[in-house]
Amino acid sequence: MSSFSATKRNTRARFFDRTATALFWGIGILILLVIFWLLYTIMHKGLPNITPQFLVKLPEEIDAGGGIGPMLFNSFYVLFLSLIFSVPIGIGAGIYMAEYAPANKFTEILRICVEALSSVPSIVFGMLGLAIFAEYFGIGLTILGGSISLAFLNLPMLTRVTEEAIHAVPADLRNASYALGTTKFQCIRTVVLPVALNAIVTGVCLVAGRAFGESAVIILTAGLSTSGEMWDFSLFAPGETLAVHLWYVQSEAIVEDARQIADKAAAVLVFVVLFINMVFRIPLWFNNRKLKR
Amino acid sequence: MKLFRRFSILTLATMFVLTSAVAGSASAASSLKGKITINGSTALLPLTLQAAKEFQKLNPKVSFAASGKGSVTGPQAVSKGIADIGACDWDASTDVPGFKAFDGQVANKVAVIPFATVVNNNVKVDSLTTEQLKGIYSGKITNWKDVGGDDADIVVITRAFGSGTRVNYQAKALGGGDIVKKSKNYKEVASSGDMKTAVSTTPNAIGYIDLVYVNSDLKALKFNGVAATTDNVINGKYKIWSYGYYMTKGQPTGATKAFIEYVQSSKFQTTTVKKMKFIPLSAMK
Amino acid sequence: MSTPVHELTKQQSILVNSTTTSKFNRMARVRLTNRLFKGYFLFSILALCFVLALVIIFIGKTGFLTFNTLSFSEFFLSMNWAPEEDHFGAGLFIINTMILTGLTLLISVPISIAIAVFNAEIAPNWFKSFIRPVLDLLVGIPSIVYGYLGMTVLIPFIRDLTGESLGDGMLAAALVLSLMILPTISRISDDAITAVPKKYREAAYALGSTRLQVIFKIVIPAASRGIVTAIILGMTRAIGETMAVVMVIGNTAQLATTLFTPSSVLTSNIVMQISNVEFDSTWNYALHMMAFLLLAISVLLILIIRFLRAKGVKEA
Numbered sequence: 001m002s003s004f005s006a007t008k009r010n011t012r013a014r015f016f017d018r019t020a021t022a023l024f025w026g027i028g029i030l031i032l033l034v035i036f037w038l039l040y041t042i043m044h045k046g047l048p049n050i051t052p053q054f055l056v057k058l059p060e061e062i063d064a065g066g067g068i069g070p071m072l073f074n075s076f077y078v079l080f081l082s083l084i085f086s087v088p089i090g091i092g093a094g095i096y097m098a099e100y101a102p103a104n105k106f107t108e109i110l111r112i113c114v115e116a117l118s119s120v121p122s123i124v125f126g127m128l129g130l131a132i133f134a135e136y137f138g139i140g141l142t143i144l145g146g147s148i149s150l151a152f153l154n155l156p157m158l159t160r161v162t163e164e165a166i167h168a169v170p171a172d173l174r175n176a177s178y179a180l181g182t183t184k185f186q187c188i189r190t191v192v193l194p195v196a197l198n199a200i201v202t203g204v205c206l207v208a209g210r211a212f213g214e215s216a217v218i219i220l221t222a223g224l225s226t227s228g229e230m231w232d233f234s235l236f237a238p239g240e241t242l243a244v245h246l247w248y249v250q251s252e253a254i255v256e257d258a259r260q261i262a263d264k265a266a267a268v269l270v271f272v273v274l275f276i277n278m279v280f281r282i283p284l285w286f287n288n289r290k291l292k293r
Numbered sequence: 001m002k003l004f005r006r007f008s009i010l011t012l013a014t015m016f017v018l019t020s021a022v023a024g025s026a027s028a029a030s031s032l033k034g035k036i037t038i039n040g041s042t043a044l045l046p047l048t049l050q051a052a053k054e055f056q057k058l059n060p061k062v063s064f065a066a067s068g069k070g071s072v073t074g075p076q077a078v079s080k081g082i083a084d085i086g087a088c089d090w091d092a093s094t095d096v097p098g099f100k101a102f103d104g105q106v107a108n109k110v111a112v113i114p115f116a117t118v119v120n121n122n123v124k125v126d127s128l129t130t131e132q133l134k135g136i137y138s139g140k141i142t143n144w145k146d147v148g149g150d151d152a153d154i155v156v157i158t159r160a161f162g163s164g165t166r167v168n169y170q171a172k173a174l175g176g177g178d179i180v181k182k183s184k185n186y187k188e189v190a191s192s193g194d195m196k197t198a199v200s201t202t203p204n205a206i207g208y209i210d211l212v213y214v215n216s217d218l219k220a221l222k223f224n225g226v227a228a229t230t231d232n233v234i235n236g237k238y239k240i241w242s243y244g245y246y247m248t249k250g251q252p253t254g255a256t257k258a259f260i261e262y263v264q265s266s267k268f269q270t271t272t273v274k275k276m277k278f279i280p281l282s283a284m285k
Numbered sequence: 001m002s003t004p005v006h007e008l009t010k011q012q013s014i015l016v017n018s019t020t021t022s023k024f025n026r027m028a029r030v031r032l033t034n035r036l037f038k039g040y041f042l043f044s045i046l047a048l049c050f051v052l053a054l055v056i057i058f059i060g061k062t063g064f065l066t067f068n069t070l071s072f073s074e075f076f077l078s079m080n081w082a083p084e085e086d087h088f089g090a091g092l093f094i095i096n097t098m099i100l101t102g103l104t105l106l107i108s109v110p111i112s113i114a115i116a117v118f119n120a121e122i123a124p125n126w127f128k129s130f131i132r133p134v135l136d137l138l139v140g141i142p143s144i145v146y147g148y149l150g151m152t153v154l155i156p157f158i159r160d161l162t163g164e165s166l167g168d169g170m171l172a173a174a175l176v177l178s179l180m181i182l183p184t185i186s187r188i189s190d191d192a193i194t195a196v197p198k199k200y201r202e203a204a205y206a207l208g209s210t211r212l213q214v215i216f217k218i219v220i221p222a223a224s225r226g227i228v229t230a231i232i233l234g235m236t237r238a239i240g241e242t243m244a245v246v247m248v249i250g251n252t253a254q255l256a257t258t259l260f261t262p263s264s265v266l267t268s269n270i271v272m273q274i275s276n277v278e279f280d281s282t283w284n285y286a287l288h289m290m291a292f293l294l295l296a297i298s299v300l301l302i303l304i305i306r307f308l309r310a311k312g313v314k315e316a
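Taken in sequence, the protein lines are chains A, B and C. Final position of the first sequence in our numbering is 293; the numbers increase by one with none missing. Final position of the second sequence in our numbering is 285; the numbers increase by one with none missing. Final position of the third sequence in our numbering is 316; the numbers increase by one with none missing.
So here's chain A without its partners, still in its complex pose (with noise of 0.2 Å):
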């Protein structure tokens, strides 16, 4: 720096540089504050109460002191099915967009096709679901015809995540692996998803959160009652989940305490979501770090 004299403009263009540095750290650290004030609001009335009877009893309608176990076991066993119907599928689709497709007219449209169905508001895919599954096939509200209607919903987001993932890997190390005289599915398989699996995985944990959250599509397609049993792997039962249940304390449940449980509820879907995010990632930053070395 000291090597030339400043004109007016330099100084001019350093000072722009310095208040912007200071306002993006303001935006950041004001962000990060409202987060944190969100969360605090969210759990310092429900964490602090919850013990681990709560995490398994059944719940109750007339006495205070009711459980959440069956819905949070519900809530993991429709995410975990969701996932296994959306996940290959939603990759997949993301994979033909980023390295198939071609700059077409054909392709526009499917990308279209993709953003259009990220918009389809999840109380639509409630309706659909019933349609199909209660209607159609008539087994009634299932946690079978829930994750399928949630992987609807999870499929668009999928896919953008994976294809700008992949989008997002040199250009650079695929050519050096068709070099090398693979064919495009091993380029694909050896090179370009371990480099983007960092940014998939990410997409994967954002799909898993709001899926946890869901409950519109669940309570059209699952229903507002559990099978009455912890541990149940049905796929014909009713699935009620945690997400579907907060919002049965909040609207119309009359025990006493459904303030409170609804609180305790609250914040156990949003630390599951934390963990959820957390035992992917670790795994990840390791991997980098091994990567880096």
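Since the hints were made in silico from the structure, they are not lab data. Fair warning: this is a prediction, and the values are worked out from it, not measured in the lab. A couple of the hints might just be wrong.
Here are some, though not all, of the chain A residues that point toward chain B, as calculated from beta-carbon distances under 7 Å [claimed, not checked]:
1) I62
2) G66
3) A134
4) G140
5) L141
6) S225
7) Q250
8) S251
9) E252
10) I254
Backbone N, C-alpha and C define an ideal beta-carbon position, used for all residues, glycine too.
Since chain A is already given, all that's left is putting chains B and C on it; use the hints.
Chains B and C in isolation, oriented as in the chain A frame:
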């Protein structure tokens, strides 16, 4: 791709285990078995869930799937054949304002639901007459001072059109009068819980709700000078109440019949129904 | 699987060591999997389109029944929505949806992109690895929790600030939505910005640019593709969001003439009324038509943004 293969194998494996588990549990013998699907009014849902829980203890082979979205979904789901019981806040086998009768359905009374006019705790008014309520909800009275309160705008909070609570409240408290649709201080909420939150956090708000939900967060008003209590409903002084119904396609049969009989039994009515602050059927003359 | 270099060397060694015959078999297998998976990926994207087709058929089939009893002009242009009296004018919901989406993007986009730039370019590493998971957490908070907080914290605050007696309306809904879509926009833009090759920045720095100049002249234009994707995703989520909006917008069928007029948008009106209407009524058809319209509007907005971007690229 390894990941995909792993996923598909996992899916197949889980599917297999699960379906065999289902088949296994369904083949066991029992005196009364079947699956009862209940849909409809959310206001009756706590009662339904509790009843299902108790009934299941006596008949372990009967399973339940319950959901709720709105009163009219109950009889509709029944006529479409996707539910065995449709919970509804009015007798859906007859015409009510806004909804036609559902042909071929039988209304089974299950409980008496009292409703209350509620206001925010900052409102000084204690009692309103039918005429005053009509004025407030039709938008003719917009200030609390006109009905004996402070000089403040009235914030009207109401349920969406078609809500069972609204149908009953409009018929019994407003004498069929209109509810205003466009105003600066007018809000619609989606559920009883939202109604409670909205009225208790909005100063100068007025709304209506099932008596069950009333607690110290908000204030229940007297209707034409009569307090909203279960006793006043039973002795006939307080008029804003209705029956809750289970709609069925024709006369109920099998497990559905047994379940409805259980809900109507004096044992269930005098213990659970009372505990939930609904009024037992037998108390009404 | 996550160490490409390693895998590559392994593969090379296999290639070198294998005999000619097994190499031939192997090549055939490799070609087959190559073709198979291409087929699978195409199938995936088509499956997605199939889901969209299902949605369109399902919604459209019921929706277009509206026009058996109603004229196009009444449905689209009338501002009078009073189903009890047979007035089905969805015009006001369309306008309100536009206003709400615009307002939300106006609040959310600058902040989200600032966060993304901050994360990718300015923040030190420890801060980054901290703020990113925290942002992801926001996505997982259920919309009803946002709605509840909006109703119990934000609206009383707005009421105190403005002296309104209700407080529900566009501003409250836009603020809640902004917070909800903030992580979507900022995380995806963040990834796009991080993916801009380092050499671009180095070249700019070498020419004597300040960091601010690099950000605005090099990084953001280079990442614009990903940023636009992020905005579209955020926007579509905002248009489709229901549960939170319903709790803070007031749900009254009137035009949002001020920021604090209780009003209603397409989604909130659908979710409030869909459970309370009869299946075979014009009302139900009209609600389905509104869901169809919602889809049409978001496709239209997506097309507009794409068009603008294509134009921008040409000019740049």
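Each hint tested on the structure:
no., hint, result
1, I62, "holds (5 Å)"
2, G66, "violated (11 Å)"
3, A134, "holds (4 Å)"
4, G140, "holds (5 Å)"
5, L141, "holds (5 Å)"
6, S225, "holds (4 Å)"
7, Q250, "holds (5 Å)"
8, S251, "holds (4 Å)"
9, E252, "holds (5 Å)"
10, I254, "holds (5 Å)"
Going through the hint list in order, the structure does not satisfy hint 2, though it satisfies all others.
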